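Residue numbers (this note's numbering), protein chains in the order written: chain A, 1 to 512; chain B, 1 to 512.
Treat the hints with caution; some may be incorrect.
Since the list can't tell identical chains apart, any single copy or any two copies may satisfy a pair.
[Said to hold, decoys possible] Here are the simulated DMTMM-like pairs of lysine to aspartate or glutamate, each with C-alpha atoms no more than 20 Å apart in a straight line:
no. : residue 1 : residue 2
1   : Lys154    : Asp12
2   : Lys269    : Asp12
3   : Lys154    : Glu7
4   : Lys284    : Glu272
5   : Lys159    : Asp149
6   : Lys184    : Glu304
7   : Lys223    : Glu61
8   : Lys331    : Glu276
9   : Lys422    : Asp12
10  : Lys184    : Asp435
11  : Lys302    : Glu438
12  : Lys154    : Asp487
Read the hints as simulated data drawn from the structure, not as lab findings.
It should be emphasised that the depicted structure is a prediction, and the values quoted were computed from it without experimental measurement.
There are 2 protein chains.
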Amino acid sequence: MAERFSEISAADFFYRNRDLAGFNNPTRALYAALRELVENSLDACELYKIPPKIYVRLSSEGGSDEADGGAIYRLRVADNGSGVPPEYVPSAFGQILFGSKYRLRQVRGTFGLGGKMAILYGQITTHGSARIISSVGDGSIHEFEIRIDIQRNKPEVLKRKIHENRDKWRGTIIDFSLEGDYTKAMSKILEYLRQTGMVNPYAEITLVDPRGRLYLFESATNKMPEPPSETEPHPYGCDVETIQRMISSTQCTTMLSFMMEHFHRVGKKTAESFLEHVGIEEDKSPKRLNSNDLVRIVQMMKPENFKGFLPPDPSCLSPLGEELLETGIRKELHPEFVVVEQRNPSAYSGYPFIVEVGIAYGGEIPAGSSLALYRFANKIPLLYDEASDVSRKVMNTEINWGYYKISQDLPIAVIIHICSTKVPYKTVGKEFIADRPEIEREIKNGINSVARQLSHHLSKKISIEHEKERISIFSKYLPKIAKFSTDLAGEKKVPNVEPLLRSLGRYESSEE
Amino acid sequence: MAERFSEISAADFFYRNRDLAGFNNPTRALYAALRELVENSLDACELYKIPPKIYVRLSSEGGSDEADGGAIYRLRVADNGSGVPPEYVPSAFGQILFGSKYRLRQVRGTFGLGGKMAILYGQITTHGSARIISSVGDGSIHEFEIRIDIQRNKPEVLKRKIHENRDKWRGTIIDFSLEGDYTKAMSKILEYLRQTGMVNPYAEITLVDPRGRLYLFESATNKMPEPPSETEPHPYGCDVETIQRMISSTQCTTMLSFMMEHFHRVGKKTAESFLEHVGIEEDKSPKRLNSNDLVRIVQMMKPENFKGFLPPDPSCLSPLGEELLETGIRKELHPEFVVVEQRNPSAYSGYPFIVEVGIAYGGEIPAGSSLALYRFANKIPLLYDEASDVSRKVMNTEINWGYYKISQDLPIAVIIHICSTKVPYKTVGKEFIADRPEIEREIKNGINSVARQLSHHLSKKISIEHEKERISIFSKYLPKIAKFSTDLAGEKKVPNVEPLLRSLGRYESSEE
Numbered sequence: 001m002a003e004r005f006s007e008i009s010a011a012d013f014f015y016r017n018r019d020l021a022g023f024n025n026p027t028r029a030l031y032a033a034l035r036e037l038v039e040n041s042l043d044a045c046e047l048y049k050i051p052p053k054i055y056v057r058l059s060s061e062g063g064s065d066e067a068d069g070g071a072i073y074r075l076r077v078a079d080n081g082s083g084v085p086p087e088y089v090p091s092a093f094g095q096i097l098f099g100s101k102y103r104l105r106q107v108r109g110t111f112g113l114g115g116k117m118a119i120l121y122g123q124i125t126t127h128g129s130a131r132i133i134s135s136v137g138d139g140s141i142h143e144f145e146i147r148i149d150i151q152r153n154k155p156e157v158l159k160r161k162i163h164e165n166r167d168k169w170r171g172t173i174i175d176f177s178l179e180g181d182y183t184k185a186m187s188k189i190l191e192y193l194r195q196t197g198m199v200n201p202y203a204e205i206t207l208v209d210p211r212g213r214l215y216l217f218e219s220a221t222n223k224m225p226e227p228p229s230e231t232e233p234h235p236y237g238c239d240v241e242t243i244q245r246m247i248s249s250t251q252c253t254t255m256l257s258f259m260m261e262h263f264h265r266v267g268k269k270t271a272e273s274f275l276e277h278v279g280i281e282e283d284k285s286p287k288r289l290n291s292n293d294l295v296r297i298v299q300m301m302k303p304e305n306f307k308g309f310l311p312p313d314p315s316c317l318s319p320l321g322e323e324l325l326e327t328g329i330r331k332e333l334h335p336e337f338v339v340v341e342q343r344n345p346s347a348y349s350g351y352p353f354i355v356e357v358g359i360a361y362g363g364e365i366p367a368g369s370s371l372a373l374y375r376f377a378n379k380i381p382l383l384y385d386e387a388s389d390v391s392r393k394v395m396n397t398e399i400n401w402g403y404y405k406i407s408q409d410l411p412i413a414v415i416i417h418i419c420s421t422k423v424p425y426k427t428v429g430k431e432f433i434a435d436r437p438e439i440e441r442e443i444k445n446g447i448n449s450v451a452r453q454l455s456h457h458l459s460k461k462i463s464i465e466h467e468k469e470r471i472s473i474f475s476k477y478l479p480k481i482a483k484f485s486t487d488l489a490g491e492k493k494v495p496n497v498e499p500l501l502r503s504l505g506r507y508e509s510s511e512e
Numbered sequence: 001m002a003e004r005f006s007e008i009s010a011a012d013f014f015y016r017n018r019d020l021a022g023f024n025n026p027t028r029a030l031y032a033a034l035r036e037l038v039e040n041s042l043d044a045c046e047l048y049k050i051p052p053k054i055y056v057r058l059s060s061e062g063g064s065d066e067a068d069g070g071a072i073y074r075l076r077v078a079d080n081g082s083g084v085p086p087e088y089v090p091s092a093f094g095q096i097l098f099g100s101k102y103r104l105r106q107v108r109g110t111f112g113l114g115g116k117m118a119i120l121y122g123q124i125t126t127h128g129s130a131r132i133i134s135s136v137g138d139g140s141i142h143e144f145e146i147r148i149d150i151q152r153n154k155p156e157v158l159k160r161k162i163h164e165n166r167d168k169w170r171g172t173i174i175d176f177s178l179e180g181d182y183t184k185a186m187s188k189i190l191e192y193l194r195q196t197g198m199v200n201p202y203a204e205i206t207l208v209d210p211r212g213r214l215y216l217f218e219s220a221t222n223k224m225p226e227p228p229s230e231t232e233p234h235p236y237g238c239d240v241e242t243i244q245r246m247i248s249s250t251q252c253t254t255m256l257s258f259m260m261e262h263f264h265r266v267g268k269k270t271a272e273s274f275l276e277h278v279g280i281e282e283d284k285s286p287k288r289l290n291s292n293d294l295v296r297i298v299q300m301m302k303p304e305n306f307k308g309f310l311p312p313d314p315s316c317l318s319p320l321g322e323e324l325l326e327t328g329i330r331k332e333l334h335p336e337f338v339v340v341e342q343r344n345p346s347a348y349s350g351y352p353f354i355v356e357v358g359i360a361y362g363g364e365i366p367a368g369s370s371l372a373l374y375r376f377a378n379k380i381p382l383l384y385d386e387a388s389d390v391s392r393k394v395m396n397t398e399i400n401w402g403y404y405k406i407s408q409d410l411p412i413a414v415i416i417h418i419c420s421t422k423v424p425y426k427t428v429g430k431e432f433i434a435d436r437p438e439i440e441r442e443i444k445n446g447i448n449s450v451a452r453q454l455s456h457h458l459s460k461k462i463s464i465e466h467e468k469e470r471i472s473i474f475s476k477y478l479p480k481i482a483k484f485s486t487d488l489a490g491e492k493k494v495p496n497v498e499p500l501l502r503s504l505g506r507y508e509s510s511e512e
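Bound-form chain A, shown alone (with noise of 0.2 Å):
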């Protein structure tokens, strides 16, 4: 009755579990893996504020495209971001669950875990390896030919090359082969880097497919968002385990110092408050704490047990900002109008987030069955399981359309942008996000505020082409009156009715 007991690595783990993250069959994994590459591109560069470039290349490896199942494809993302040191590049790639070490901030990938979930699977599929050329701007570019020992998860280093710098060139190049099927993936391959451009217009994307076609995905603007900056936690945020992770590296003496120290915007007198309010010495040691007083400090954290923290502020969030945002959506799909809204920041269960509200008109906007709606977080596009998203709900639900005399029919875009440290997707899989009451409630007086200003817009537009009938009609009409009463009098000379069709033009003006 023996059971056999053992452990596995992460990478195991992830090797047998890979739908988690998305490769769940070739299509799928070809498409979660360039999304993977081009985030990690950004993210290096962004964080420098370094404006992207960056150029991906998918091209066959054998294996017929047509052929039902999968095909071998060979695909490589070259970006001039940050670089990753030579030293860091073995692990960073071919080892799961290492990566920058970030502490609250907001980034697009899930620690250590992404990009290394697209070399696995190459590996995998094709038994080839993962070829990483990097240089961080220095006289070196260091190329590594690597593989994942996947029961160990560590990283085998093949071969390495240490090429002269001498353009001073900086950014990272990845390169691996993988089993996909660009056939049925290429439509939400292009939706994605489409998408990507709009809510990061300064970005530059290049993309040449297996069938030789490129596609690329200009740059708008030069101007940037300024990157996050790390920051403590919140105390609405914290657990038993974040805290006594700080109380183990603390060097604060007393408990006084350590609220202070450790926790995002916790200054002297909320720190005095709360201590009250827990029944804690403020000159107590951290590191003396016992039990009952640690739970019951996580305890008292919570927003209905204690109303005295600051809500978080959001400098270790990247929002486009209202300038930028616009220049994406004009890029992209080239509306008659938009209006663009940057709410204020707020804050679900200690984490803060900043909704972006956008809503265009026209232009090369499709008319369809229902308003179109384009949803973002992180700077990252959401593709898959809209009707389950929290965005969607406000759309159809929370929003009067009728008030705002617009109908479902009209060529209309919505688009909402949710910057967070924390984004609440409901699934592993990002692609859809829970409706969190602060969240909605951001979502729908945002739209409801740009809908008022596109309504605006509308109804002066309706009004003008009113006018516009009005005057051509009297326009063609009047002239032939003239004539006819002329005749009719038997005069000869038609009056001029021009003065009369000018004092008609209520907007004429207004039109130049």
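Given the structure of chain A, go ahead and fit chain B onto it with the hints provided.
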């Protein structure tokens, strides 16, 4: 410009991404913790064909149950399963990604994750430790108090005791505190236990809730399904990594014996045929395969490229069987009529699966606006996201209910149970199943088959109803007609109408 790189442990990863395993908020976490532990207990019993007796106690530990947010609960789950050998207890409960080693067998749990997530969640919300008491039925009962060192992913044994096992008890008891919200979670927890009782009718489950109420889900039978046996992987389900591991560990010296030894249902003829198809010599040593050979083998092992492999056999599966499925449905739904069917084994992508279908009518089943659907996978109830599940898709769009004269407002429940070595859940939350064509087809054919039988029963029922009504009318009026006719004819003796009534009663005998 230096990034700080570091690695995190698997425990730390799941601590930061606990949404992955369903521990998003106190309500969902309480439900998830209870589920994981009950499912572990069921697995521990079933593997050795022990009729499960599982006792769950949830008690309040402070904090108001009505408070917005969470309260602290103590969760205790005791089973009569196989027990865990003491040398493995700390890692089995305190180390993520450590667990029983199954090759390819139908199990409920995700390797090395589920139960430990519950303990980890309890630890980070209460700073408490977990108490584990277990015995494999020998002379000792081992008691441990453990905590998880999250940053190192290692168990910490705080206390250890050995008790004499006079009654030769065998089983496991887990006991720890966690934050939860029973008020909000209660209905889902009760529904989960009820449905678990339906699909495991040989299990007895007791719940004592924080309000002191006892819920007993009784066992309805002693019969248990055969435990699944381990099998080799099927060629269709193999990737490069799988094959490489086989090659590393194999004792086989020829490709012919390698194919026959390591793959499911591959005999001499199949192996010869395959090796010829791939172009590899039968007597070549597996360890001398080069990279090209390996990739070619994996490519050729796809159903579209080589059709000579036998389909997977279902010995690694453990379906309920028609008798147990019917027992379970009757136990919980008390229907007037039930019909069940076990479909023949099938496979998708090299993973064998069996679909078991039931349809139940009347009795205690309520009528609604649409037919009720109960979904199960590997004897686990699926309670969320029904709208996205393949079974609901089939029921709504692929069954012609009108043909069976089954209207949506009838008191009917449809039960779908899918067993597989790899259930194609769409997301990690394991709550709904993707629409793989092979599975969709089996569900559709299964529902059609049982619907046909229900339809037949219903029309017979309607005929019987008609008859009863007809007889009733005759019984009411025939005597009166006889009497009136008698009076009219001036006669005194009313003829006996009984023989006439009896000759009308076509179904009388069949009703008794």
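Taking the hints in turn, this is what the structure says about them:
1. Lys154 with Asp12: Both: 11 Å inside a copy, 18 Å across copies.
2. Lys269 with Asp12: neither (49 Å within a copy, 33 Å between copies)
3. Lys154 with Glu7: For Lys154 and Glu7, the Cα distance is within 20 Å both inside one copy (15 Å) and across copies (11 Å).
4. Lys284 with Glu272: within (12 Å within a copy, 77 Å between copies)
5. Lys159 with Asp149: Only inside one copy: Lys159 and Asp149 sit 15 Å apart there, 36 Å across copies, limit 20 Å.
6. Lys184 with Glu304: For Lys184 and Glu304, the Cα distance is within 20 Å only across copies (17 Å; inside one copy 49 Å).
7. Lys223 with Glu61: neither (39 Å within a copy, 55 Å between copies)
8. Lys331 with Glu276: Close neither inside one copy (55 Å) nor across copies (56 Å); limit 20 Å.
9. Lys422 with Asp12: Intra 27 Å, inter 16 Å, cutoff 20 Å: inter-copy only.
10. Lys184 with Asp435: between (31 Å within a copy, 17 Å between copies)
11. Lys302 with Glu438: within (16 Å within a copy, 49 Å between copies)
12. Lys154 with Asp487: Result: close neither inside a copy nor across copies, 100 Å intra and 106 Å inter.
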